[in-house]
Amino acid sequence: MEILVEEKEGYHTVTPVGEVDIYTVPLFRKVILKVEGDLKRGVILDLSRMSFVDSSGIGAIIETYQKITSKNCVIVFVLDNPRILKIFKLVGLDRVFKIFPNLGQALQSIGVSRGYIDEEFFSETT
Amino acid sequence: MSSKDVREYRLSIDFPCSKKSLLRARCKTLEFARKHGFSQEADDIALAAEEALKNVLQHACPADNKMHLEMSAKGDVLMVEVSDTGRGFDLEAYECAPHSPYDLCGRGIQIMRGLMDKVSIVSDADGTVVKMEKRRKTKKEDIRKQASG
Numbered sequence: 001m002e003i004l005v006e007e008k009e010g011y012h013t014v015t016p017v018g019e020v021d022i023y024t025v026p027l028f029r030k031v032i033l034k035v036e037g038d039l040k041r042g043v044i045l046d047l048s049r050m051s052f053v054d055s056s057g058i059g060a061i062i063e064t065y066q067k068i069t070s071k072n073c074v075i076v077f078v079l080d081n082p083r084i085l086k087i088f089k090l091v092g093l094d095r096v097f098k099i100f101p102n103l104g105q106a107l108q109s110i111g112v113s114r115g116y117i118d119e120e121f122f123s124e125t126t
Numbered sequence: 001m002s003s004k005d006v007r008e009y010r011l012s013i014d015f016p017c018s019k020k021s022l023l024r025a026r027c028k029t030l031e032f033a034r035k036h037g038f039s040q041e042a043d044d045i046a047l048a049a050e051e052a053l054k055n056v057l058q059h060a061c062p063a064d065n066k067m068h069l070e071m072s073a074k075g076d077v078l079m080v081e082v083s084d085t086g087r088g089f090d091l092e093a094y095e096c097a098p099h100s101p102y103d104l105c106g107r108g109i110q111i112m113r114g115l116m117d118k119v120s121i122v123s124d125a126d127g128t129v130v131k132m133e134k135r136r137k138t139k140k141e142d143i144r145k146q147a148s149g
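One line per chain: the protein sequences are A and B, in this order.
Residues in the first sequence are numbered from 1 upward in steps of one, following our numbering.
Residues in the second sequence are numbered from 1 upward in steps of one, following our numbering.
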């Protein structure tokens with residue numbers, strides 16, 4: 001797994017690419033810790049490129065949600081993979097997370113101006 | 001494998017209790033499920049099996065350091081059994097404990113139950129046995145499910 005991070009208008013977009021599971025959770029936590037240290041307005045956790053998640057990954061995502069909201073910052077999610085959405089629904093996360101089907105809608109929901117282009121957006125690899 | 005095929009196919013593997021084994025078990029489960037006609041549901045079966053094995057790894061501490069995975073397919077039904085000889089756990093206490101979407105752990109059983117058609121768990125001081133069952137959906141059921149969203 002690799003994790004892409006970009007900041008715009010005080011919001012960090014964090015995009016895990018690949019599997020978020022018992023193997024990769026340590027890297028995910030490390031990146032979130034770094035983002036947390038530099039937190040301004042909030043985080044967009046873009047899970048549209050996450051191919052697999054297990055209960056360890058779910059736990060790390062909830063931990064991220066709690067860390068960000070405890071600092072009175074915003075966190076929204078991008079997720080459109082039906083298989084992963086099904087798992088989120090199973091554990092009730094669809095009721096507590098603000099989930100958008102694409103990045104554009106997530107950005108719009110928090111008032112970030114448009115103009116993101118995917119290739120540019122996913123430019124930093126951690 | 002056709003649903004008219006009533007032969008029983010079995011696969012039985014002992015894995016050492018390690019993170020590496022989880023990935024190997026996921027691959028083996030996926031392969032077995034796909035070989036027996038499960039397509040999209042194969043991913044669900046593999047995740048459910050991995051969650052059961054992850055519980056062994058994280059909580060059971062078996063003296064022989066082994067976790068056992070057994071799969072069988074007969075007709076349109078696939079069974080997965082994960083067992084260990086570890087210290088077991090109090091299933092009743094787990095069932096009675098309040099669960100919130102904000103909990104950081106304790107979701108493995110919830111995921112297994114959500115993804116599989118039947119899940120039974122027996123646990124005592126001699127170990128734990130998790131039995132799960134998934135029935136292959138017919139094309140008609142698949143279409144109906146997709147239509148209902």
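What the hints contain is simulated information worked out from the structure, not anything from laboratory work.
One or more of the hints may lead you astray.
Stated by the list, open to error - Below 25 Å or equal to it, Euclidean Cα-Cα: the simulated DSS-like pairs (lysine-lysine) are:
(1) A:K40 with A:K71
(2) A:K86 with A:K40
(3) A:K86 with B:K28
(4) A:K89 with B:K118
(5) B:K35 with B:K74
(6) A:K30 with B:K131
(7) A:K71 with A:K86
(8) B:K118 with A:K86
(9) B:K137 with A:K86
(10) B:K66 with A:K86
(11) A:K40 with A:K89
(12) B:K66 with B:K137
(13) B:K137 with A:K89
(14) B:K137 with A:K30
(15) A:K89 with B:K20
(16) B:K28 with A:K98
(17) A:K71 with A:K30
These figures come from a predicted structure and were not determined experimentally.
*For this structure, which hints from the list above don't hold up?*
Structure breaks hints 2, 6, 7, 10, 11, 12, 14, 15, 16.
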